[in-house]
Amino acid sequence: MFEVEISQFSGPLDLMLFLIKDKKLDLFDLDIRELTDQYIAYIHAMEELKLEIASEYLSELAGLIEYKSKKLLPRDESLLDAEKPDDGPTLVQRLIEYQKYKEITADLNQRYQERLDQFAKAYSKDAVESVRDEVNAASFITGDVYDLVKAMNKVYARFKMVHPFETTIMNEELSVDDRIEQLRHYLDRHTDVFSLVDLLHQSNSLQHVIVTFLAVLDMIRMHEMYVSFDDDAVYLKGSALNG
Amino acid sequence: MDDILAKIEGLLYVVGDEGLSLEELSDAINVDKMVVQDAIQDLTIQFQGPRHGLELVQYGGVFKFITKPFLREAIRETLALSKSRQLSQSALETLAIIAYKQPITRVEIEEIRGVGCDMMCRKLVALDLIQEAGRSDAIGRPILYEVTKTFLDDFKLVSLAELPELPDYSEGENENFFK
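Respectively, the protein sequence lines represent chains A and B. Residues in the first sequence are numbered consecutively from 248, following my numbering. Residues in the second sequence are numbered consecutively from 42, following my numbering.
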């Protein structure tokens, strides 16, 4: 019986490589029949454990059975002649190609872990603020949702750096609608461009940051606010609708 | 020369993790790139000394100061940092394929991995580890992906040329294959 779970494999090719290694098959002279049988046994074992099997595993299984059936069936000579020389890479070629990248991930992860131990400081706050004044209103509404997500991640990271220690829990529950109402008043008073970072800096809890962020998204959607991106910085401005 | 070193140090301090490229430094202090290059080298060596907690690196095409590895515990404790962000095996595989084969479409990545990579690609874009690099000429004009400067920085790479060499299995030896 297999003692491993399918979730520990990153895909069907990973599972096949495991089976080849575990059953001591020779990859460079691969017995497809044996591999197929092992693969099917594995999938059955998973089914018995009522584990969810991703469709990719079944699609590769179909491919394996096709390989296997080709080997089992006596072939018609005429069909043999007509066989296309290039059916794409063979299974073995695919396994070898996949293994290359799988193996290099250990090296990459090592580098990644080393880098996590080394810290850089953020761009100096004073310098960011002076750049903000130069933002040109003509560049409004550029960038896409991912820019916004990226910017939000950055803001959140900086927020955490400014508030690195544990703080007291706030009981205040603020809804997004309440926050939109507050922001409308804020826009009445602030007609100039302001940065998302500054706005979120006024929040004193993570919940408040999230509610503010959702409110900003909603207001952009309702055209009550303009948004613009300059590298990682996000700038906001109230629209004429508001007022 | 000391003057140039001091200027570079100050500028790199202000920009922090954004860093500055050789061109930007050269423009900023109005000195030829060759001179800046030499100055950077001097500065790098000076900071390697035991009296400095920072080191000067060039990851993703920009120079920046980062803390030395031995400070990690002190920093984590002081800032009460929780466990740092880890990348899953699937994410690392996808990144490896993109880094070595870029620009590459999602379908090409899926052919190598044998699994759907749609969500993974979106996630890596959101993490700013990969980005769109135009469109392929193939049917449907699929998006091409490439790795970002953040990727280079996160994996301690000056450029993609520094990536470790992929293993070569052309010998066809089972023993080599499964180490």
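It cannot be assumed that every hint is accurate.
[As the list claims (entries may be wrong)] Here are the computed lysine-lysine pairs in the DSS-like style, where the Cα-Cα straight-line distance is at most 30 angstroms:
(1) A:Lys271 - B:Lys164
(2) A:Lys315 - B:Lys190
(3) A:Lys347 - A:Lys372
(4) A:Lys372 - B:Lys197
(5) A:Lys401 - B:Lys164
(6) B:Lys48 - A:Lys317
(7) B:Lys109 - B:Lys74
(8) A:Lys317 - A:Lys271
(9) A:Lys401 - A:Lys368
(10) A:Lys484 - B:Lys197
(11) A:Lys317 - A:Lys347
(12) A:Lys372 - A:Lys270
(13) B:Lys48 - B:Lys197
(14) A:Lys268 - B:Lys142
(15) B:Lys48 - A:Lys347
(16) B:Lys48 - B:Lys164
(17) B:Lys74 - A:Lys347
(18) B:Lys142 - A:Lys347
(19) B:Lys48 - B:Lys190
(20) A:Lys372 - B:Lys142
(21) B:Lys74 - B:Lys164
(22) B:Lys164 - A:Lys372
(23) B:Lys197 - A:Lys315
(24) B:Lys48 - B:Lys142
(25) A:Lys317 - A:Lys268
(26) A:Lys315 - A:Lys268
(27) A:Lys347 - B:Lys190
(28) A:Lys368 - B:Lys74
(29) A:Lys372 - B:Lys190
(30) A:Lys270 - A:Lys368
(31) A:Lys372 - A:Lys317
(32) B:Lys190 - B:Lys142
(33) A:Lys268 - B:Lys109
(34) B:Lys197 - A:Lys347
(35) B:Lys197 - B:Lys109
(36) A:Lys271 - A:Lys372
(37) A:Lys368 - A:Lys268
(38) A:Lys271 - B:Lys109
(39) B:Lys48 - A:Lys401
Read the hints as simulated data drawn from the structure, not as lab findings. Bear in mind the structure is a predicted one, so any value in this text is a computation, not a measurement.
Results for each hint:
1. A:Lys271 - B:Lys164: violated, 36 angstroms
2. A:Lys315 - B:Lys190: Given that 30 angstroms is the threshold and the Cα spacing comes to 45 angstroms, the pair is violated.
3. A:Lys347 - A:Lys372: Not satisfied, since the Cα-Cα distance of roughly 44 angstroms exceeds 30 angstroms.
4. A:Lys372 - B:Lys197: The given pair, whose Cα atoms are some 26 angstroms apart, holds under the 30 angstroms limit.
5. A:Lys401 - B:Lys164: Holds, at about 15 angstroms.
6. B:Lys48 - A:Lys317: Violated: lysine 48 (chain B) and lysine 317 (chain A) sit about 71 angstroms apart, past 30 angstroms.
7. B:Lys109 - B:Lys74: Given pair lysine 109 (chain B), lysine 74 (chain B) holds - Cα atoms ~27 angstroms apart, limit 30 angstroms.
8. A:Lys317 - A:Lys271: holds, 24 angstroms
9. A:Lys401 - A:Lys368: Within the cut-off at roughly 13 angstroms; holds.
10. A:Lys484 - B:Lys197: violated, 38 angstroms
11. A:Lys317 - A:Lys347: holds, 28 angstroms
12. A:Lys372 - A:Lys270: violated, 59 angstroms
13. B:Lys48 - B:Lys197: Given that 30 angstroms is the threshold and the Cα spacing comes to 25 angstroms, the pair holds.
14. A:Lys268 - B:Lys142: holds, 27 angstroms
15. B:Lys48 - A:Lys347: violated, 45 angstroms
16. B:Lys48 - B:Lys164: violated, 39 angstroms
17. B:Lys74 - A:Lys347: violated, 39 angstroms
18. B:Lys142 - A:Lys347: Judged against 30 angstroms, a Cα distance of about 12 angstroms means the pair holds.
19. B:Lys48 - B:Lys190: holds, 25 angstroms
20. A:Lys372 - B:Lys142: violated, 38 angstroms
21. B:Lys74 - B:Lys164: violated, 38 angstroms
22. B:Lys164 - A:Lys372: Distance of about 29 angstroms is within 30 angstroms: holds.
23. B:Lys197 - A:Lys315: Distance ~45 angstroms between lysine 197 (chain B) and lysine 315 (chain A) Cα, so the pair is violated.
24. B:Lys48 - B:Lys142: violated, 39 angstroms
25. A:Lys317 - A:Lys268: Within the cut-off at roughly 24 angstroms; holds.
26. A:Lys315 - A:Lys268: holds, 20 angstroms
27. A:Lys347 - B:Lys190: Holds, at roughly 24 angstroms.
28. A:Lys368 - B:Lys74: holds, 25 angstroms
29. A:Lys372 - B:Lys190: Between lysine 372 (chain A) and lysine 190 (chain B) the Cα gap is close to 22 angstroms, so the pair holds against 30 angstroms.
30. A:Lys270 - A:Lys368: violated, 50 angstroms
31. A:Lys372 - A:Lys317: violated, 67 angstroms
32. B:Lys190 - B:Lys142: holds, 16 angstroms
33. A:Lys268 - B:Lys109: violated, 40 angstroms
34. B:Lys197 - A:Lys347: holds, 21 angstroms
35. B:Lys197 - B:Lys109: holds, 13 angstroms
36. A:Lys271 - A:Lys372: violated, 59 angstroms
37. A:Lys368 - A:Lys268: violated, 45 angstroms
38. A:Lys271 - B:Lys109: violated, 44 angstroms
39. B:Lys48 - A:Lys401: holds, 27 angstroms
Checked against the numbered hints given earlier, this structure breaks hints 1, 2, 3, 6, 10, 12, 15, 16, 17, 20, 21, 23, 24, 30, 31, 33, 36, 37, 38; the rest are met.
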